[in-house]
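Novice: Sequence:
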Amino acid sequence: MSDMLEQKLRDAIIGELKRQAANRPDELSVQAVEDLSISGTIDLDALVMVIAGSVAGGP
89 MSDMLEQKLR DAIIGELKRQ AANRPDELSV QAVEDLSISG TIDLDALVMV
139 IAGSVAGGP
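So the sequence shown is numbered by this note's numbering: it starts at 89 and just counts up by one.
Hints are computed from structural coordinates only; laboratory data are not their basis.
For glycine and all other residues, C-beta sits at the position ideal for the given N, C-alpha and C.
Take these hints with a grain of salt, some might be off.
[As the list claims (entries may be wrong)] Label-pair ranges, simulated between beta-carbon atoms:
no.	residue 1	residue 2	range
1	A120	S90	31 to 37 Å
2	D91	P113	30 to 36 Å
3	M92	R112	29 to 35 Å
4	D114	G145	20 to 26 Å
5	N111	S90	28 to 34 Å
6	A134	L93	31 to 37 Å
7	P113	A144	17 to 23 Å
8	D114	L93	30 to 36 Å
9	Q95	I130	27 to 33 Å
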């Protein structure tokens, strides 16, 4: 996998998880330091859509 695609996927995943945490702070906590630390419930369908869009070249 190219480094550019890998970084794009990482950014998309972290961005979506942070968005979900911002919308539901009582249910989800996300910290991105060196690694990703997540506590709570993730909307997996929304995360999959973001990843699929990223791979397909979407925003």
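Novice: Hint by hint, say whether it matches the structure.
Specialist: Hint check results:
no. : hint                       : verdict
1   : A120 with S90: 31 to 37 Å  : violated, 22 Å
2   : D91 with P113: 30 to 36 Å  : holds, 33 Å
3   : M92 with R112: 29 to 35 Å  : holds, 31 Å
4   : D114 with G145: 20 to 26 Å : violated, 34 Å
5   : N111 with S90: 28 to 34 Å  : holds, 31 Å
6   : A134 with L93: 31 to 37 Å  : violated, 21 Å
7   : P113 with A144: 17 to 23 Å : violated, 30 Å
8   : D114 with L93: 30 to 36 Å  : holds, 34 Å
9   : Q95 with I130: 27 to 33 Å  : violated, 21 Å
In terms of the numbered hints stated before, the structure departs from hints 1, 4, 6, 7 and 9, listed from lowest to highest.
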